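Combine both chains into one complex, guided by the hints.
So the protein lines, in turn, are chains Y and D.
All residue numbers for the first sequence refer to numbering that gives the first Met the number 0, where the first residue is 0 and numbers rise by one.
All residue numbers for the second sequence refer to numbering that gives the first Met the number 0, where the first residue is 0 and numbers rise by one.
Treat the hints as calculated values from the structure; they're not laboratory data.
Predicted model, so just to flag it, every value in this text is computed and none were measured.
Don't be surprised by glycine CBs; every beta carbon is placed ideally from N, CA and C.
Heads up, some of the hints might be wrong.
[As the list claims (entries may be wrong)] Derived DEER-like restraints, expressed as beta-carbon distance ranges:
{"hint": "1", "chain 1": "Y", "residue 1": "N159", "chain 2": "D", "residue 2": "N152", "range": "40 to 50 Å"}
{"hint": "2", "chain 1": "Y", "residue 1": "D448", "chain 2": "D", "residue 2": "G178", "range": "53 to 63 Å"}
{"hint": "3", "chain 1": "D", "residue 1": "K367", "chain 2": "Y", "residue 2": "R483", "range": "28 to 38 Å"}
{"hint": "4", "chain 1": "Y", "residue 1": "L151", "chain 2": "D", "residue 2": "K367", "range": "46 to 56 Å"}
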Amino acid sequence: MNNYEPPIFELSGPGKIGANLPRLDVPQAELPQALLRDDGLPGIPELTETEVTRHFTRISQRNFCIDTGMYPLGSCTMKYNPKVHEEAARLPGFAFAHPMQPEAQSQGALELMYGLQNYLAELSGFDQVSLQPAAGAQGEFTGVLVFRAYHLDRGDTERNEILVPDSAHGTNPATAAMVGMKVVEVKSGPRGNCSIEDLKAKLGPHTAGLMLTNPNTLGLFEQNIQEIARLVHEAGGLMYGDGANFNAILGIVKPRDVGFDFMHYNLHKTFTTPHGGGGPGSGAVGCTKELAPYMPAPVADKDGDRYYFRTPEKSIGRVKSFWGNFGMLVRAWAYIRTLGAAGLKEVSDNAVLNANYIRVRLQHVYPVAYDRTCMHEVVLKGQLKEAPQARTLDIAKRLIDYGFHPPTVYFPISVPEALMIEPTETESKRNLDAFCDAMLKIAQEAAEDINILKNAPTTAPVRRLDEVGAARKPILTYDRARFRELRGEHEHATPDDQLTVPSY
Amino acid sequence: MSHYISNTEQDRAAMLKAVGVAEVAELFEVVPQEVRFPNVELPKLLSEPELLRELRRMSNLNANAQSHSIFLGAGAYNHFVPAAVDALLRRAEYYTAYTPYQPEISQGTLQVIFEYQTLMCGLTGMDVANASHYDGATALAEAAGMALNSTRNKRTILVTPTVHPQYRQVLRTYMQGLGVRITGDENVAASLDDVLGQIDDGTAAVIVQTPDFLGQLHDLKPIADKIHAAGGLLIASVDPIALGLFQAPGAAGADIVVGEGQPLGIPLSYGGPYLGIFACKEQYVRRMPGRVAGATTDLDGQVGYVLTLQTREQHIRREKATSNICTNQGLMMLASTVYTCLMGKTGLRTVAELCYHRAHYAAAEIAKLPGFELLTPAPFFKEFAVRTPKPVAELNQLLDTRGIVGGYDLKQDYPHLGNAMLIAVTELNSKADIDAFVAALAESSR
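Just chain D, with the same shape it has in the complex (with noise of 0.2 Å):
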């Protein structure tokens, strides 16, 4: 027996003993016989120093943070994380409990949705924040499906070409069933304005992101105005870190706030498990998805925690649910709260200032060299695009010989830009890592 089962030989047989059988393939009957006990074939195993071993030499195959530096964002950002985030989410009362069904024993993890919930309306502007999605991309598709529910007889969704290009997939993936129109980013070069054009009576709603994908900032108030007009919701997607400095979504008039919230303490772990922001206005409660939790009182008066609304939820609407999510990305959602509470104020203003900075000189730097261009018009934030003197696939292999990642390669997504990089500068890129990507992309590009 492995050394996760605790159970003796003696304990098993009087186990079987009390239940009437002679060993446990006879508790199997029940299965027909033909396919019960088939043949299973795993590699042998590995104790746990082969194990680690195993592990750490296709973990030394990938290109990290660690070993490169990063230049890489395109929904994803290397961003510093205290130490003390992972120290929390390391413990096993968080980590090893589940779902708090039985609030009594699970004030913990309710407090914390509960501080989340308050967080995520403090940075977004916004009302009410449900206990998190899968990712940005789930967040997105799950309010626009919210959006549809909230405004009648409107079956479009307008989405401009400068959201994220997986979002919009698993936007698509998301309302294939539902017939619903998903337009507005068919021309991947139509400005915002074209697609704002676009409105009309139909229009449940208009996504828009910010900072969008190729980085460029917009002022959310009259896209706010214009949907508005029209009886539809604006559903933002944003970048939470661009919130210590930029305008609150809620402010400028969004209904819907959604997020990739990954950069709030969450490390890039090859694309997960990350988390999905979701806040909404207080009127659109009652049909958010996702668990929530809120405050109360116990028999004696003392304050605490439960999860509510609950008849929103699948366990107990089943097919009127808002949605079928019901597992969300808890420990994630830890990592951000207390990434959130450690930078405080002051921590979240200034990472977002090291962001804009560093990148505005980064992209002063690279579009001094001959044959690049910078694409992403100002405002920008943490990522601009440039156009490369060569295809980005090729810098990029010659960037990788110098420990470097380069941007992401918008050729596939865009391809009206030509050869053209996406590049993410962070507060964990310095002015010595930047002046060495800056040259080692005049270098590779001669």
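This is chain Y alone, in the form it adopts within the complex (with noise of 0.2 Å):
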């Protein structure tokens, strides 16, 4: 089934077409022949509707994905993604209104997003939501905005530092200097949380805030967050919450209760829209009601019966087009509203006690990076006493072969030889075992003969990627001259004429 398949550029026939399309019934209208394209559409391939679904079903093959495998992916929360929740988002009033439509056209989609405000307000404990952002990375650039225009407003001017943990996520420092500020590192301490006296060494009349990620990237939770808010808010800053793991304590805690001015909610991690292969996301953001002014522009509310879109008064503006990732926003809704409040708590027992699990399954094979409880996920280190010889990498592509998709490798960066496992909730003890089994039978292989690591995967589509040469050598388009080339380096390489030749 892991048959190559060819770039459907060699897939091309002159003429072919692969739609129905309507037929011109008005005249026809002069053209301005200055602004004509005379090449031709260089680069678009030809092809029939059946073709174009046989490649596109071929490659699509040549993917793992949660509904085939577990896929703890740590950080990134790779739960189930409920089937009702796309038939949901495909209800015509949902997938075919635009979004330029007049309000009164609109008050279906504007109750939908006015109800997801409110009950994403109640579980993080804030006063406002903003539904806007596309996705995390552009929650934190929000949140960041939002810091400096509330600094400013207050004429505190001076204010351009934003500390960031060394265990956080690259999105919060790249965010920071993305608004113009200075990024400071602050170290972990023994346990791994946030050290209190480095937070205290950095904190100053340049601090614009503090971004924190709770339970943080290494999986634990700061149990001195009160203190950290405390501080921070004694420097006069804010506290930013990344919101990337509150998968673990949905009804476990308030990130308001414990200090924070601020978040992001990922709703295609903690409230399970479809990771697409990279996005759609929706990074949906919170606040306390002194940030609220500031939140971008609009956000929904209501006046009696009616459903409108507001501009908050000091409003950072517009970060994207339009209302946010709307149809991520009915399947969070729908999500929230299967599961209620008592079915999220589940959500984060069961994750955090099947991450629990994992780390006692593993622990003695693989060393926890800190032997303590875990939340959501649990981060080890593939340094195995057997086989010092052993990478995370190794481990991580000898997975593949047992048929589970690897953790997050190398983050923390914090910490050495990192893999980090987030099982989340959606699995069974039965794959939890199976995973785990799979993971001290590599520890074994490696033990005997670390070639079975270092040659893996050998049951996937393709083998180890020459990603130094990719690199080198870019290969970012289809080029004809380039692909016969590619295939020509290698001894072992397949005739060209094969490869254009379609095998089915």
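In structure tokens form, the structure reads like this:
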């Protein structure tokens, strides 16, 4: 089933079309000759619907996905995506509503958005939610802009530093830089939490805020969170909560209650809108009433029975066109209404239990980064006592041969050879056991014959790929000559003519 | 337990025992007690049939392309989407996978990205494209950021007033902390020549939209020449559907091309998720934001694909990255890839021609109505502005009763036009639809 599928451009045949289009039923108007393109659309292939469908079906089979197996990618919350959500988002009043149609013609969409804002606010303890940001990273960007606007509005013009723990996602420092802030790194302490001593040393009159993920990327709850928030607030800064790991604390604790001023929710993680092979995400944001006037425009609101969009009075502006990734909002709404408050708490209960179960089953072979109860994910090290030559990358690639998607690897960067495992609540004990058995078997294999790991994967559609070569001589678009060269550079290259004739 | 959680009570008991706790609550003892297990009040939960009934109720409150005939555009367009697009989008292999971090088991997604990049370069006439941005507006804002990083000591971005108003707002949001001057659109009545006259040594880039917000097509060549002479870049924001018929911005000299990819096979979906197209000249590739796939070979010499040039990105470069973007619009990129392949050269050209001819037919018919006047100068593509004898909001209310979603009210964004409606016509508006729309306009303005 894992046959090579050529680039679609090699399947093209002149004059073919894959769509049945309407016919022209009005008189032809004169075309502006000088502006017409005359290059014949190079690079656009010509195929029938049959061929296009088969091509994309065939290459889809070269993907691993949640529906085929456990996907314990740490920090990404790869939980099951309910099928009813796909039906919901395709209802005609959602899928085919125009974003610019008048509010009077959009009351259902606005009602759904208003409801979702309230549900997310209730889960986090915040006063105002905006559904506009398109992804977690854009939620972060929104938050740091809000912090900046808040300080400036108070005449506090010197606050140009964002504090970021060394275990943070790369998006945190990248975001701060996009807002023109200086990034100041805070070290982790001996138990994997933010070091209070280092934090105190870095706080000051330039502090705009601290960006903190809680539970953090080590899968650990910051037990000093209230003290951290107090220190940041005393220094005049604000607390940003990166909600990437919100799946651990639904109904367990509200971020507002421990001192956060602002957070983003990853609807594509916690609220299971599909990851789509890398998006679309949805990075709704919530904040306290003090920050609400600066929220991005617009937010959904209600006046009597009528729903409408409102621009907060000191808004930082728009962060994207229209109203957010609405299709994702429908799915998140459906998820919350399906599970309710008790069901969402069960989500976190089970996510955390599953991660701890993996921890205790593996930590005697794979050293745990911090030996304590974890939250929804556990960070282990691919440092095997019996096989010191094994690398985390090898372990990850060998897991593929056992039918599992590897965990997140080499992150957080503060942990050497990190394996960050997030099983999520939707995996059963049976699957967790199978995963742990595979991990233990791999450790055994590593001790017996390291080449088993170094050669892995052997059952995937391709073997390890030359990433260095890809970066050194980038081939970023299809070019017939370069593909020939690519295939010809190697001893065992398949003859070109064989590749251009599809094998179906 | 819900139907999404697969552990039985026995499973949980065994796991708790293995972990060494009596109940799950013990795992959360690290959370400060006074805030642990708060009261959360959410509406009562719904069974699947109840859920769908409630969602259908809300869905039915929205006008949509199945209940109405749509003549509204303004950045989102009701184009035909072949059934094969959604059929492929609904393959779990695509929609329940994530970013291809493990290339050996993500070749499907990676090959789609690679093919998408190739298709976008073909359409725009550019050298390289990334794996997409959130939407056209954010792609434009990131293009401005890239232009600033690519031109030394230039801190002004010149933007024409006929760039989508929301895109200009997003541009300002993105630039607000960076000490950048954004100018050119203060007077929304300013002509393109007025704005281009402001180009100077400090101009990092000029941003032009074609067809512009009011529908007019522009020749990018003279604009490119002007900004290049001053050492700045041309950022062109385009409608990919127009590229089936009209000038490729790359051939005309654009340095960065961005656009809203929604017209390429993505449903209206009340504004999202959409797709930000981003393509540029090869010389800027290492400053380009976003994910990029490249072709390579595996240990056996088999061709495969990987994410590449990652040293530009946040997970490696952190605060020195070209952008904070990580997740993009993967599934929407798949939709536009499948759409573009289904259309092919002939289909893309046919769709563009249908839009062009029907829009011109509609414009001519509306211009005949008393009190209506065509405001967009030729040449235009699928959208045009008309002056209306009554306020647009009033007309749209009446049109709604005829099952028509009327055009965009230009009053807020372009007050100098007076009562003016921006009308979009696509291959989905048949002659009969157009005739009914024209008749309803005539009736409503009496």
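Check the following: the C-beta atoms of K367 of chain D and R483 of chain Y are separated by a distance inside 28 to 38 Å. Violated, at about 58 Å.
Could you check the hint for me, namely that L151 of chain Y and K367 of chain D are 46 to 56 Å apart, CB to CB? 54 Å, holds
Outcome for the supplied range 40 to 50 Å, where the beta carbon pair is N159 of chain Y and N152 of chain D: 21 Å, violated
State, for the Cβ atoms of D448 of chain Y and G178 of chain D, whether the hinted interval 53 to 63 Å holds or is violated. Roughly 59 Å apart at Cβ, these two residues keep to the hinted range, so it holds.
Hint check: violations occur at hints 1 and 3; the rest are consistent with the structure.
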